[in-house]
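Asks: Those protein sequence lines, which keep their order, are chains A and B.
When the letters of the first sequence are read in order and numbered with the numbering used here, they come out as residues 1 to 341.
When the letters of the second sequence are read in order and numbered with the numbering used here, they come out as residues 1 to 341.
If a hint is listed, it holds; no wrong ones were tucked in.
As the list makes no split between identical chains, a pair holds if one copy fits it or if it spans any two.
Pairs of lysine-lysine residues, derived as DSS-like cross-links and limited to a Cα-Cα distance of at most 30 Å, are as follows:
| id | residue 1 | residue 2 |
| --- | --- | --- |
| 1 | Lys152 | Lys60 |
| 2 | Lys275 | Lys60 |
| 3 | Lys259 | Lys239 |
| 4 | Lys239 | Lys28 |
| 5 | Lys254 | Lys143 |
| 6 | Lys78 | Lys28 |
| 7 | Lys288 | Lys60 |
Think of the hints as simulated: they come from the structure by calculation, not from any bench.
Number of protein chains: 2
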Amino acid sequence: MSSIRVSLMAAVAVVATSLPMRAEYMVKEVGSFHVGGRTATLSGQPSRDVVFSPGAPPIKVDPNGEFAVEQMYVHYVKLAQPKARVPILLWHGGGLTGVTWETKPDGKPGWQQFFLNAGYDVYVSDAVERGRASWARYPEIFKSEPMFRTKKEAWELFRIGPSYEIAGRRVAFEGQQFPIEAFDQFAKQGVPRWVTNDAATQNAYNALVERICPCIVVVHSQGGNFGFNAAVAAPDKIKALVAIEPSGAPDSAKIDVGKLKDVPHLIVWGDFRDKVAVWQQLQIAPNKYRDALVAAGGKADVFDLPGMGIKGNTHMLMMDRNSDDVARLIHDWIAKQGLMN
Amino acid sequence: MSSIRVSLMAAVAVVATSLPMRAEYMVKEVGSFHVGGRTATLSGQPSRDVVFSPGAPPIKVDPNGEFAVEQMYVHYVKLAQPKARVPILLWHGGGLTGVTWETKPDGKPGWQQFFLNAGYDVYVSDAVERGRASWARYPEIFKSEPMFRTKKEAWELFRIGPSYEIAGRRVAFEGQQFPIEAFDQFAKQGVPRWVTNDAATQNAYNALVERICPCIVVVHSQGGNFGFNAAVAAPDKIKALVAIEPSGAPDSAKIDVGKLKDVPHLIVWGDFRDKVAVWQQLQIAPNKYRDALVAAGGKADVFDLPGMGIKGNTHMLMMDRNSDDVARLIHDWIAKQGLMN
Numbered sequence: 001m002s003s004i005r006v007s008l009m010a011a012v013a014v015v016a017t018s019l020p021m022r023a024e025y026m027v028k029e030v031g032s033f034h035v036g037g038r039t040a041t042l043s044g045q046p047s048r049d050v051v052f053s054p055g056a057p058p059i060k061v062d063p064n065g066e067f068a069v070e071q072m073y074v075h076y077v078k079l080a081q082p083k084a085r086v087p088i089l090l091w092h093g094g095g096l097t098g099v100t101w102e103t104k105p106d107g108k109p110g111w112q113q114f115f116l117n118a119g120y121d122v123y124v125s126d127a128v129e130r131g132r133a134s135w136a137r138y139p140e141i142f143k144s145e146p147m148f149r150t151k152k153e154a155w156e157l158f159r160i161g162p163s164y165e166i167a168g169r170r171v172a173f174e175g176q177q178f179p180i181e182a183f184d185q186f187a188k189q190g191v192p193r194w195v196t197n198d199a200a201t202q203n204a205y206n207a208l209v210e211r212i213c214p215c216i217v218v219v220h221s222q223g224g225n226f227g228f229n230a231a232v233a234a235p236d237k238i239k240a241l242v243a244i245e246p247s248g249a250p251d252s253a254k255i256d257v258g259k260l261k262d263v264p265h266l267i268v269w270g271d272f273r274d275k276v277a278v279w280q281q282l283q284i285a286p287n288k289y290r291d292a293l294v295a296a297g298g299k300a301d302v303f304d305l306p307g308m309g310i311k312g313n314t315h316m317l318m319m320d321r322n323s324d325d326v327a328r329l330i331h332d333w334i335a336k337q338g339l340m341n
Numbered sequence: 001m002s003s004i005r006v007s008l009m010a011a012v013a014v015v016a017t018s019l020p021m022r023a024e025y026m027v028k029e030v031g032s033f034h035v036g037g038r039t040a041t042l043s044g045q046p047s048r049d050v051v052f053s054p055g056a057p058p059i060k061v062d063p064n065g066e067f068a069v070e071q072m073y074v075h076y077v078k079l080a081q082p083k084a085r086v087p088i089l090l091w092h093g094g095g096l097t098g099v100t101w102e103t104k105p106d107g108k109p110g111w112q113q114f115f116l117n118a119g120y121d122v123y124v125s126d127a128v129e130r131g132r133a134s135w136a137r138y139p140e141i142f143k144s145e146p147m148f149r150t151k152k153e154a155w156e157l158f159r160i161g162p163s164y165e166i167a168g169r170r171v172a173f174e175g176q177q178f179p180i181e182a183f184d185q186f187a188k189q190g191v192p193r194w195v196t197n198d199a200a201t202q203n204a205y206n207a208l209v210e211r212i213c214p215c216i217v218v219v220h221s222q223g224g225n226f227g228f229n230a231a232v233a234a235p236d237k238i239k240a241l242v243a244i245e246p247s248g249a250p251d252s253a254k255i256d257v258g259k260l261k262d263v264p265h266l267i268v269w270g271d272f273r274d275k276v277a278v279w280q281q282l283q284i285a286p287n288k289y290r291d292a293l294v295a296a297g298g299k300a301d302v303f304d305l306p307g308m309g310i311k312g313n314t315h316m317l318m319m320d321r322n323s324d325d326v327a328r329l330i331h332d333w334i335a336k337q338g339l340m341n
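In isolation and in its complexed conformation, chain A is listed as follows (with noise of 0.2 Å):
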């Protein structure tokens, strides 16, 4: 109830708050770094010949040896002369990567623009095994296979439409904002992804966090867990954590939330949930968690922007036709937890 108050005031918010978007900005810095990890060994596979380049000579590999492992790969644009108090970090969810945050598929520019745009150092991110993180040899190394999302299950996993049939018809939600002429453009953001490397991955961002933090954290659907255990492990770091859509969340009997008190959160739900049988499952962990904190003392507003008049965001709302209304409204609320200068 308190939630879905928040929430129309925020939408009021909206209208009323004029953001300047400055087409250009000034920039300090753009680069990246690994972070986290380990070295692993491997031992007992035998050496082959492999020619790399066309016209070269055959090179003898021998498998054996120290590899690089579980590290996360994270870019960033440093501002010259931020207006957020804090970096901003953009956490991806399943089977995705930064990419999410860099571009929309249509070609219009994803939220980290937006957010550059607003003033804040951004940080994007590919979580182990995705990306420029890189993968590690399984069984091995890697304790089980890689999964493919198939076109199909990304149309109706993220709620785009309910139904997609292979070299055919692709029906879509009504009134839905997803740019679904751009959908196989999208397509080529997925990576592979493992089950298996969930306390590497967690490791690894509290490396991230670690470093580069404090800071504000944002996270989309699998990256909702990583970032609320990643609050648990350094609630001092975290000055705000916004969750988009998150597909899980920490069994909070099982963790300190009182420690999270003093970390304010924003739960951001698109449209159509009522639509597909596993969001109904999904959204458990995320709501259970977002009412313990509330009862603790914590902060945790939600914005369910149909409840709010905003209607037919997909669970890739960063991606939708009014993704940058929606950026909007996580900008307010970023500010209004004091984090702008």
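Following the hints, position chain B against chain A.
Replies: Structure of chain B alone, referenced to chain A:
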């Protein structure tokens, strides 16, 4: 002989030219896109139940369906007022990603930052199968197994030093310039590679050139072959081609070298090539290609860095301690091709 003379003149130029390095620069947009690729369809694989986030209910996954494969990833930073007439594209080498250009293992800014400071719009890509370009199930879609580079191979093949023992002594070449104290950090940048995706990778690079160029292309190592072939495919689009330690090149008897007459080439070589046997072999194809270019009336300069008195550079010369001096040499050469406003 003529190449040595060109090199010495350039070495003199580096002393004379002072590139104004701004500490900050005005950016219009940071973003990314995927280009190239196709849809692959799998069928006949059994379904399974998978728990994607801790605490979440299992989701039934059907691995059959449509997948986006063989696309590449491209990150860009567009300046408000570029000084370069065309953007610069930075293409990485084998077993690596665009991170090659974003950072140095000791944390210093990479060549992406150098060229942004120097006034170029910069595009940094991940080739097919690498990093954020993603990869596909094998052997069903990709036709071979991935290769994982050991730390030992990176140390020795990249000419940091003659020998590397597991959990033991790492011997570096005397006078080498790689920040060896950060070698383990460098190893985190490595990603698996396949040896059966060259045609797909070339197609994606050609699609990138069609989309973004006219441009300057800077390639490293395995990227050399892709860059030379991209120039053959679109000689009017590539206004200058800088090959850093190319590990291969097209057979000049099989291409129309005359088409490349108006594509100025610069090939840059580091030190210790006589100390690592495979590099004696790897230089043969690029040298033949260069000779054929010159014989056809083209421009193909060579910066043999040790011959120019610039000693100690490894294969990863964009990460060496003196790497910005080398970048400055390259920038000066580009400026001489009439590509700066």
